[in-house]
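2 protein chains.
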Amino acid sequence: MSIVDPVSQIFLRLERRNQPMHVGGLQLFRVPGNAPADYVHRLVDRARAQNTIQPPFDKRLKYRLGQPFWTDDHGFDMEYHVRHLALPEPGAIRDLLALVSMLHGALLDRARPLWEVYVIEGVTDHRFAIYTKFHHAMMDGVSAMRVLRRFLSIDAGAENFRVPWQLPPQSTTRPPWSAGLAMLRSGYRQAAALPAAARSLYDVWHDARHDPDFTGPAQAPACMLNRPVSGSRRFAAQGYSLSRIHRVAEAFGATVNDVVLALCSAALRRYLIDHDALPRDPLIAMLPVSLHDDDETTGNRVGLIYANLATDIADPAERLAAIKRSVDYWKRRYKRMSSEQIMAMVAAMSAPAGLNLLAGIAPRRQSFNVVISNVPGPNEALYFGDAEMLGMYPMSIVLDGQALNISLVSYRDMLEFGLIACRRALPSMQNLLKYLGEALDELERTAGRAADS
Amino acid sequence: MSIVDPVSQIFLRLERRNQPMHVGGLQLFRVPGNAPADYVHRLVDRARAQNTIQPPFDKRLKYRLGQPFWTDDHGFDMEYHVRHLALPEPGAIRDLLALVSMLHGALLDRARPLWEVYVIEGVTDHRFAIYTKFHHAMMDGVSAMRVLRRFLSIDAGAENFRVPWQLPPQSTTRPPWSAGLAMLRSGYRQAAALPAAARSLYDVWHDARHDPDFTGPAQAPACMLNRPVSGSRRFAAQGYSLSRIHRVAEAFGATVNDVVLALCSAALRRYLIDHDALPRDPLIAMLPVSLHDDDETTGNRVGLIYANLATDIADPAERLAAIKRSVDYWKRRYKRMSSEQIMAMVAAMSAPAGLNLLAGIAPRRQSFNVVISNVPGPNEALYFGDAEMLGMYPMSIVLDGQALNISLVSYRDMLEFGLIACRRALPSMQNLLKYLGEALDELERTAGRAADS
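Which chain is which? The protein sequence lines are B and G, in order.
The first sequence maps to residues 880 to 1332 in the numbering used here.
The second sequence maps to residues 880 to 1332 in the numbering used here.
The hints are simulated quantities; they were obtained by calculation from the structure and are not laboratory data.
Where hints are given, some of them may not hold.
[What the hints assert, rightly or not] Facing chain G, according to a computed beta carbon distance under 7 Å, are these residues of chain B, among others:
| id | residue |
| --- | --- |
| 1 | Y959 |
| 2 | A971 |
| 3 | A990 |
[Unchecked claim] To spell it out: a stretch of chain G is covered by chain B in this simulated footprint if at least three of its residues, at any positions, have a beta carbon under 8 Å from a beta carbon of chain B; those stretches are:
| id | region |
| --- | --- |
| 4 | 962–975 |
| 5 | 1191–1203 |
[As the list claims (entries may be wrong)] Sample of chain B residues with no beta-carbon within 12 Å of chain G, all distances over it, derived:
| id | residue |
| --- | --- |
| 6 | I1033 |
| 7 | A1101 |
| 8 | I1192 |
C-beta atoms are modelled at their ideal positions from N, C-alpha and C, and glycine is treated no differently.
Using the sequences and the hints, build the whole thing.
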């Protein structure tokens, strides 16, 4: 029995019916051409037969004197953790997303290990899906994406059949950050540990406000994205061509990340105009970013960017340029700082938001309007046994006052967007997918015109 | 906007992740022989098109100064309330029950009207199912069963297509009791209103303890049925021939209700022996019973019986006789009392249990081990549009310390059992269905031997 670390305790305490604190992912697979009719049924049976459960998948919560501990689950119930569902005919992706939205809106059972896996058959065009959820107290979004990568194989073959709960635990199952919420973790830890360092860095940040490209907390406008949330979710997911995004980035002298922000900005702008709710001031996005070189894949040099989404600018090229400038500000600043300085500054900036979150009160000034989190993913095709993975989409957390979360992961030549939202606060949120696609078309056209002229 | 009545507030306040406070029902239908392949799809579309929402289906909760009110839902979202799901091939009843167990374990969204309907296609042998859930604050178990009866028709025909949320509200949508929990309602109300009357009747009850056939609260043994519960559920449902039960009742000079209790007793006895957990003292069941003549169907003359299930007796005939004596005690007593005296006595008996429940503490002495609730249902075949209903099964509430609830409803010649339990506290609870069937066989054999001799 081991005590639940203080930060994970926060995620447990933050959980309410309208604010489930689990992350997840949706993976789409192709049923192999030669598969029998009961292929998915057999696959579920085979998965359930893998009953050597590795930590942390075998641990459940136990409270002693009000203090939570992780303890072995002696009543482990495989049929509870691994479910077999199906879509109604003809199994449209729309129906898959509706089902997964419903599942992501339901709270995990605190009496059991805090994870569930759903194998969903009957997706149109001979596909099936796996939806997995993990409590954030067990695993953060990045770890979840890693786990969903680790059980897959680069070779197709029935002998490469592995399931997440049988993987040996990694030494760093919990990287020090994840989409948005991790800021709370480092903020909480470091604000407590390093008050002096944090305070001096806060002064640095304060001075920076004289820079016109500076975007920081407390600049975000009031927006319908920042309403109280209900307990029901809408998940929307789609992949967009990474090579197309690369070409656009090149044309504008921007990074892939800049273009991603520009796509999100254009889509949000249109959605908010649809609802007659576009704030006069630009939306602010909060981005957890890796500070490593592109080749590095491990470690925890992580920064936090408050990006100006420039949703007040109608022209797509100008909008992208404004976004790029606000991101570049942070890159320049981070370049001059040590890891320790950066982490301390992140702590100083995010601690107030974290404390607000904990106290359950809406901050008087909105720190940011939306979290956009981009996790690098595998470049090569992956297989679950002999089933090729066609796509994987991250599913994050919606919080009171943060009704939308945009998470991305790359896979092969696709950038896979997973949008999770409160379906009551943000009606017809799935329109954002269409708008993202059209924003990419528009940037391509704009780049083409610029090249022609 | 109207205030939520105090008793419904209790149901809202009792709700926790491991103790969802909704009731429900599962209905099984036959797809008509001439139906197109997308029959269920069309049916869902047609149901969703019925968008005139009658009270209470259009009301959601709203809190003002901590006080809950019912208010119109201006963001009504039909696709959220009416879901379309499917079973994996071949759609065994076992898979249907697993799916419905999962759905019954999930909390309703408090931001919306507190009901959900799931149309589930792909049940084997050309069947489909409808699972409906209502929060107990909106509707109790008996009202839920009534609603699930009212939208059906005694004639098959597509023109008889009605859905629960378009029915005009009934004058008495809330009868004053329901399976088990209603005792809390009348107890709370009347204990407050009539302390003197309740106290004097408590004395009557106290005297009654000298009667050897008397079974009352605080006689129940400690039992695995009375453990803390998790948030996960197991639903098991099956119908048994009402004529067979009638014949057994006749053979033993007992009522149908006595035989039902004997079947439950035999099944629980075997289950507890399987788990090496049969208490030395007999289990006590709590039964809400109507005090009306058989012909009456309305009104609120309701009694409360603590039945001795005689699980300590191995012989089935002797066990049935002991159960009958303990039930007869209450019938004799109720016959000599006015409605008011009965209601006040019920209040006096159930108030302590209710207060324990509210305070969230386990009572020092167990009042009863299990609730068994029997609601009379329709005798004639019923149809949803042109689909014949093959069975309907009630789904009640599991509480901390009450890990099993047995609810019954009659339909045509069947007595339909719906067993809902915490699947962690009561592993393999579904074995009770087999044991119920075998208990009926055994009583028939015993009756036959008695007739031969």
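> When the hints from earlier in the document are held up against this structure, which numbers fail?
Replying inline: 2, 5
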